[in-house]
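**Q** So the protein sequences, as listed, match chains A and B. Throughout the first sequence, residue numbering follows our numbering, covering 1 to 383 in sequence. Throughout the second sequence, residue numbering follows our numbering, covering 1 to 298 in sequence.
The set of hints was computed from the structure by calculation and includes no laboratory data. Among the hints, erroneous ones may be present.
Under the rule of at most 25 Å between Cα atoms (straight-line distance), these lysine-lysine pairs were calculated in the PhoX-like manner [stated by the list, open to error]:
hint, chain 1, residue 1, chain 2, residue 2
1, B, 285, A, 370
2, B, 181, A, 345
3, A, 345, B, 292
4, A, 38, A, 134
5, B, 181, A, 134
6, A, 5, A, 210
7, A, 345, B, 285
8, B, 285, A, 134
Covered stretches of chain A, as calculated for chain B (at least 3 residues, CB under 8 Å) [said to hold, decoys possible]:
hint, stretch
9, 183-195
10, 284-290
11, 294-306
12, 309-319
It should be emphasised that the depicted structure is a prediction, and the values quoted were computed from it without experimental measurement. C-beta: ideal position from N, C-alpha, C; glycine also.
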Amino acid sequence: MNLKKTSNGYLLNTVVIVLLFTAFQILTKVKGSDGSFKLVLVPSLWQCCYLMVLACSLNLVLGFMGQLSLGHCGFMAVGAYTAALLSLACERSGFFTGKSDPMFLLVMIASFLAAGTLSALLSLLVGIPALRLKGDYLAIITLGFGMIIVNIINNLPFCGQDGLALGSAAASLYKNGLGFGSKAKVQFLWFALIVTILSLTLMFMFVRSKYGRAIRAIRDDEIAASASGVNVAGFKVLTFAYSGFFAGIAGALYACTNATLSTSSFAFTNGGILNSTFVVVMVVLGGMGSLTGSAVAAAIMFFVNYQIKNGTWVDLLPSSVKGIFEYPMLVYALVLIVVILFRPKGIFGSYEFSLQNLIPDLRRAAAQRKAARQERKEARANG
Amino acid sequence: MSTFFQTLIVGLRLGSIYALIALGYTMVYGIIRLINFAHGDFIMVGGYTVIFTIPLVLRLGAPAWVSVLAAVVVCALVGMSTELIAYRPVRKKGTNMTALITAIAMSLFLENLAQAIPVIGPNPKVSTQIFRAGGIRFGTVTMEYTTIFTLIISAVIMLVLYTFTQKTRLGRAMRCVSEDKAAATLMGINVNHTILLTFGIGSALAAVAALMYLAQYPKVYTTMGGLLGLKAFVSAVLGGIGIIPGAMLGGIVIGLVESFTTSYISSSMADTFVFLILIIVLVIKPAGILGKNVGEKV
Chain A
1 MNLKKTSNGY LLNTVVIVLL FTAFQILTKV KGSDGSFKLV LVPSLWQCCY
51 LMVLACSLNL VLGFMGQLSL GHCGFMAVGA YTAALLSLAC ERSGFFTGKS
101 DPMFLLVMIA SFLAAGTLSA LLSLLVGIPA LRLKGDYLAI ITLGFGMIIV
151 NIINNLPFCG QDGLALGSAA ASLYKNGLGF GSKAKVQFLW FALIVTILSL
201 TLMFMFVRSK YGRAIRAIRD DEIAASASGV NVAGFKVLTF AYSGFFAGIA
251 GALYACTNAT LSTSSFAFTN GGILNSTFVV VMVVLGGMGS LTGSAVAAAI
301 MFFVNYQIKN GTWVDLLPSS VKGIFEYPML VYALVLIVVI LFRPKGIFGS
351 YEFSLQNLIP DLRRAAAQRK AARQERKEAR ANG
Chain B
1 MSTFFQTLIV GLRLGSIYAL IALGYTMVYG IIRLINFAHG DFIMVGGYTV
51 IFTIPLVLRL GAPAWVSVLA AVVVCALVGM STELIAYRPV RKKGTNMTAL
101 ITAIAMSLFL ENLAQAIPVI GPNPKVSTQI FRAGGIRFGT VTMEYTTIFT
151 LIISAVIMLV LYTFTQKTRL GRAMRCVSED KAAATLMGIN VNHTILLTFG
201 IGSALAAVAA LMYLAQYPKV YTTMGGLLGL KAFVSAVLGG IGIIPGAMLG
251 GIVIGLVESF TTSYISSSMA DTFVFLILII VLVIKPAGIL GKNVGEKV
């Protein structure tokens, strides 16, 4: 009965995703050359895609295994550079010509897989010292690894401080490699969506499997978990590698979205919202231990950031308030503090959004709210 | 040989700046278990205060470094109001992680608020000479006055701070609160006041560090606290976070590693070596150099 419910859930999700996906494909066909669709919506979707994959992959380590990692963007950087360099190498060796070449698809898949694999291998390296360390000491080690990765990439002669933006590699990444222009982004949007859906599904299945149960046991009590026969060391390393794989995939998506790569995008902090600290913010904001929460939080963070910077409603504000919006990150920080003050456990807490349980969950939440209101009323009547 | 000594001196100077900042991190961490990301930005606040008060101080006929007094006051106020406005409400309601996010948001807020203030703006500002130029020569090695003052001031501050935490009532209260908040309350210690005091002292140390940093690298900008704070935090963890002598030791070690790799191996790889040393030390001694490995009770 339980098994049937699970498979029904998967079936329902698949049907809905396929329907949405087809609807979106049709929309793309119809409005593909439309200005705002091509220049605003599609690039935003690409960015949302990699932010979602990135946030969810960190949630595996941070939310489900309870290990704070502050260097997650380092793995993303590895993925981005691997994918970009591999696609460039293929282009230069004449493996494919132009984006409409069917071989290009193959190269794309290969570079995504290579990106994931390489960063998974590097995450294994981080996972091993992680076995001896806990809490903030682990956080600082992952932070250190993130910094080292970025520093080494800076010093590699074929990557360079300015990334692939300067020198001979730049133009060709943009035109011939994975760097997509706005037209190619529309053309390959389906690829980004499928990669994202696939990654999220794989992570979701991981969390629901016996491995997921094991890592949650480790989070709740490491000693009790090992006493019940959970291989703590093995699962820790496995989860780091699994999470690193998807960070690499997110990096490859990033390389597609941005025509240029520079390591400052993957630093510990920088002026924007893509850095190791903000991935942690996304996970905590969405709710630690809720993959759907991370995905939603990533989308919201991107949306808020975009609206603060480019929203047309900003022009309608009185000029005294508008002054603040010249400094988007200032508004952003305020929004963040307010959200945290009102929802300290994150937007979703540890709740997972699911289509199948949506109606019962809503009903239960309504009942809970009603009970709470009743209780408050009674308390007021008594007091 | 003279290169060696020169590098050693540079390392010690850099290390004592890191150590002063690390003390702020470690004190706050020790007392509320929070990585105070905004601490790096307190340095920036201190730096700007120094820059803006130097002309006033010079007009009064005092030496330029006196402006650090203003910076100490401003930083302590900023630090304490950060605790009052942002950290305390979140600490009451949320978890450790939400406190961490608040710290990140606070750091972002301070950096961008500074940029939004018209007199500060996004462009770097250059400071005047703070300590006397020149130095004393020992054979082939030159000890600049800046270096001498930096070393002396930081040594004195660390000594005073250590005595303060070990000998005075307030210092003992601080150590009590960091060990066990509930028990400290029962002993009649006002926990909230003690936390506020810790924030004040930590931020004041950041102001002093800002002065020393400016004496050597006379430039302030709004994001100057980022990497500086990060390395100081690394020093605090390296020495064993929450332990005051550990922060001093960690700061000196990180400063020496950085200056030696810069002058002997490669300046662009210095950060890599700093973090590599950190990782190696932590893998060998997981609780930092001076940290005690506490066995877990089941």
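**Q** Among all the numbered hints in the text so far, which are the ones the structure does not match?
**A** 1, 3, 4, 7, 9, 11, 12
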